[in-house]
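Visitor: Spelled out, the chains give:
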Amino acid sequence: MKTDQANPNLTDYLPLLFQGVPITLEVTFAATALLVVSGFVFGLGRGSKNRLIRWPAGFVVEVLRGSSAIAQLFWAFYVLPYLGINLEPFTAGIMVLGLNGGAYFSEVVRAAFASVPKGQTEAAIALNLSAWFRLRRIILPQALPIMVPPFGNALIDMLKFTALLSLVTIQELAYRADAIRSVLADAAPVYSLTLLIYFAMALTLSLGVQWLERLVNRWGGRTAAGSNQRAASGVPRWAFGR
Amino acid sequence: MGGIPDDALLGMRDVTMRYGSRTVIDAIRLAVKPREKLAIIGPSGSGKTTILRLAMGLERPTDGFIRIDGQYLWHVQRNGALAPAGEQQARRARRAVGMVFQQFNLFPHMTALQNVTEPLIHVLRVNKKEANDRATDLLTRVGLATHLDHRPAQLSGGQQQRVAIARSLALRPKLMLFDEVTSALDPELIGEVLNVIRDLAHTTSMAMMIVTHEITFAADIADRVIVFDHGRIVEEGAPDVVLRQPQSPRTQQFLKAILER
Amino acid sequence: MTFQWDWGFALQTLPTLFQGLIFTLEATFYGSLLAFALGLIWALARLADVPVASQIVRLWVEFVRGTPLLIQLYFLFFIFPSYGVTLPALETGIIGLGIYYSAYASEVYRAGIEGVPRGQWEASLALGLPLRRVWGRIVLPQAMRFAIPVFGTYVISMFKESAILSTISVLELMGQANIISAETARYVEPLSMAALIFLCISYPAARLVRLLEARTGAS
Numbered sequence: 005m006k007t008d009q010a011n012p013n014l015t016d017y018l019p020l021l022f023q024g025v026p027i028t029l030e031v032t033f034a035a036t037a038l039l040v041v042s043g044f045v046f047g048l049g050r051g052s053k054n055r056l057i058r059w060p061a062g063f064v065v066e067v068l069r070g071s072s073a074i075a076q077l078f079w080a081f082y083v084l085p086y087l088g089i090n091l092e093p094f095t096a097g098i099m100v101l102g103l104n105g106g107a108y109f110s111e112v113v114r115a116a117f118a119s120v121p122k123g124q125t126e127a128a129i130a131l132n133l134s135a136w137f138r139l140r141r142i143i144l145p146q147a148l149p150i151m152v153p154p155f156g157n158a159l160i161d162m163l164k165f166t167a168l169l170s171l172v173t174i175q176e177l178a179y180r181a182d183a184i185r186s187v188l189a190d191a192a193p194v195y196s197l198t199l200l201i202y203f204a205m206a207l208t209l210s211l212g213v214q215w216l217e218r219l220v221n222r223w224g225g226r227t228a229a230g231s232n233q234r235a236a237s238g239v240p241r242w243a244f245g246r
Numbered sequence: 008m009g010g011i012p013d014d015a016l017l018g019m020r021d022v023t024m025r026y027g028s029r030t031v032i033d034a035i036r037l038a039v040k041p042r043e044k045l046a047i048i049g050p051s052g053s054g055k056t057t058i059l060r061l062a063m064g065l066e067r068p069t070d071g072f073i074r075i076d077g078q079y080l081w082h083v084q085r086n087g088a089l090a091p092a093g094e095q096q097a098r099r100a101r102r103a104v105g106m107v108f109q110q111f112n113l114f115p116h117m118t119a120l121q122n123v124t125e126p127l128i129h130v131l132r133v134n135k136k137e138a139n140d141r142a143t144d145l146l147t148r149v150g151l152a153t154h155l156d157h158r159p160a161q162l163s164g165g166q167q168q169r170v171a172i173a174r175s176l177a178l179r180p181k182l183m184l185f186d187e188v189t190s191a192l193d194p195e196l197i198g199e200v201l202n203v204i205r206d207l208a209h210t211t212s213m214a215m216m217i218v219t220h221e222i223t224f225a226a227d228i229a230d231r232v233i234v235f236d237h238g239r240i241v242e243e244g245a246p247d248v249v250l251r252q253p254q255s256p257r258t259q260q261f262l263k264a265i266l267e268r
Numbered sequence: 002m003t004f005q006w007d008w009g010f011a012l013q014t015l016p017t018l019f020q021g022l023i024f025t026l027e028a029t030f031y032g033s034l035l036a037f038a039l040g041l042i043w044a045l046a047r048l049a050d051v052p053v054a055s056q057i058v059r060l061w062v063e064f065v066r067g068t069p070l071l072i073q074l075y076f077l078f079f080i081f082p083s084y085g086v087t088l089p090a091l092e093t094g095i096i097g098l099g100i101y102y103s104a105y106a107s108e109v110y111r112a113g114i115e116g117v118p119r120g121q122w123e124a125s126l127a128l129g130l131p132l133r134r135v136w137g138r139i140v141l142p143q144a145m146r147f148a149i150p151v152f153g154t155y156v157i158s159m160f161k162e163s164a165i166l167s168t169i170s171v172l173e174l175m176g177q178a179n180i181i182s183a184e185t186a187r188y189v190e191p192l193s194m195a196a197l198i199f200l201c202i203s204y205p206a207a208r209l210v211r212l213l214e215a216r217t218g219a220s
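So the protein lines, in turn, are chains A, B and C. First residue of the first sequence: 5, per the working numbering; consecutive thereafter. First residue of the second sequence: 8, per the working numbering; consecutive thereafter. First residue of the third sequence: 2, per the working numbering; consecutive thereafter.
None of these hints come from the bench; they were simulated from the model. Hints are supplied without guarantee of correctness; some may be wrong.
Heads up, incomplete: computed chain C residues facing chain A, CB under 8 Å, no partners named [to be verified]: (1) Leu71; (2) Ile80; (3) Trp122; (4) Ala207.
Glycine residues also receive a C-beta, built at the ideal position from the N, C-alpha and C atoms.
One chain only, chain A, in its complex shape (with noise of 0.2 Å):
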């Protein structure tokens, strides 16, 4: 980093800056993959009829939604290493951000299975369906495209919560914003740039959720979600007097 240029420049740093937008995309990716899991086995585990199974998950989930996200991250930064486990930073990060995440995105696991009417399994086990077949090919389907906008939801909030990995040294987007601003006098340059890379990133990211959103309700056989829907509903013209 060239700190002995006698006025330092945003432009001068932005390579710097915008070399922190892979390592954000990448640590939100790999979070949000963790997310998925997590929220699949404790969503599954919340489901079940088997209360040795669902309070113990429950219990988890509660755990991980209650204390702060950023209270766990700190936690698993400072503490964890007292008790033996000692994790990368990058690690700790996306633990932290991905079971957190799981934990919420449970419900959204839990709520859209539930939402696949009994008679579908009930019909599938008359047929003589095996339980594997009928996971694939019956419920997963009509659970799958449920989970989709809560999951595109759940994607670009993980994209604004890797921001807080810069509190823990982990050098992605955030950081090094902050670490050029303290180099530079002015902050709303960098900061107002940053927050424009964030914004595409979502963007971008809306757009991939949309894609995954037709391919997915492809799959599982509707057209596209509630777009028949307008039902009698809405603001009249003239409700703000015109």
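Position chains B and C relative to chain A; hints supplied.
Guide: Same frame as chain A, but now just chains B and C:
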């Protein structure tokens, strides 16, 4: 002015309603006299509900003129000619009209009494005590004296519809519109609502436009029956004539289908 | 190195942590007020469908929702002084939280208002009720039936996320825990106690909100 008979309480001339490429109402000419009871029947999608909504000013026609009790709904008279006008003018014209809806549309977070006092207090500017008295009278009149403090969720469909009627009556409209008001009711609850309407027909001076599938009821209280089909009036006349000896083949088809259920 | 949990020390941290908790609660309270007030403004601006303004508000809401709260806070924290605005860190934090959550609140308001059945509007129009009454007594109350439980969850989220204010030097719960850790070089007890306090408040609150949800859903 506008080709509408002077003695008409409600007049429609060349009223057309289009949604995109679909023509729902096709150049209708219609007049309702004071105190007249008009029944409108016809197949689904024929435009009969739309006509009512146009009469209430809920929608603005694509073309044509609508006049209620001397006031045009969507036009103002300026320098002896009619110019298009907006929501403010419509509000003025709507005062003479009341409407009862198929889905009741009661305010769910208010009691029956509060539903009826709402327009009394906030439109007629009546004070609270007077409003309560009038509302109690109206609700008693429709047979709900013991249900004043019930919320809609605690009332049956027939009771809710009667509250809706009482609420519309509160404003003493000159013209009352009934849009298939029994179609959403369980069969055993239809009678109580029809009885209220019949009572109103005989004891008030309101004009009425009733869109209904209850043909017998329509024949009973209507002075005139209109048959709608594909946005046009295909038959019009006294109940006896229209219902016993219809001229138009469409009317004949429709009545045959209805009566053979 | 084996670790020994020191209950004595852990309990000693509590008074300081509770001091921080007060700021946390303050930030949550005022942040929520700001968020719900602004959120309604954004929602109405979008619903009114004003040619240019509505689109700008829409973009603004998407922008606030699509960028990290942390950076938004830094932005405010470092920008305000350069425009001559000297606000204490807590106030800056409140504004930051308020703006961020107002974007979410606006979507909830919109959904709530658009969810009010058309028939309610039509009955109001047929009766000739004045617009102010339609909004104030008919539509908004019904919209809030839907919105309030969701707002409950947002308040709880804000409570937990207020820990982020520690990054702009606010001495709320997380900030105090960090200070204790730094001063005593003991991390386990303060950070664990802080996490526990978060849990002890947010879990019952979440149960309360779920109860509220069930009640407004049924009635």
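Visitor: Next step is simple, just say for each hint if it's right about the structure.
Guide: Right, here's what the structure says about each hint:
no.: 1; hint: Leu71; in the structure: 4 Å, holds
no.: 2; hint: Ile80; in the structure: 6 Å, holds
no.: 3; hint: Trp122; in the structure: 5 Å, holds
no.: 4; hint: Ala207; in the structure: 7 Å, holds
No hint from the list above goes unmet by this structure.
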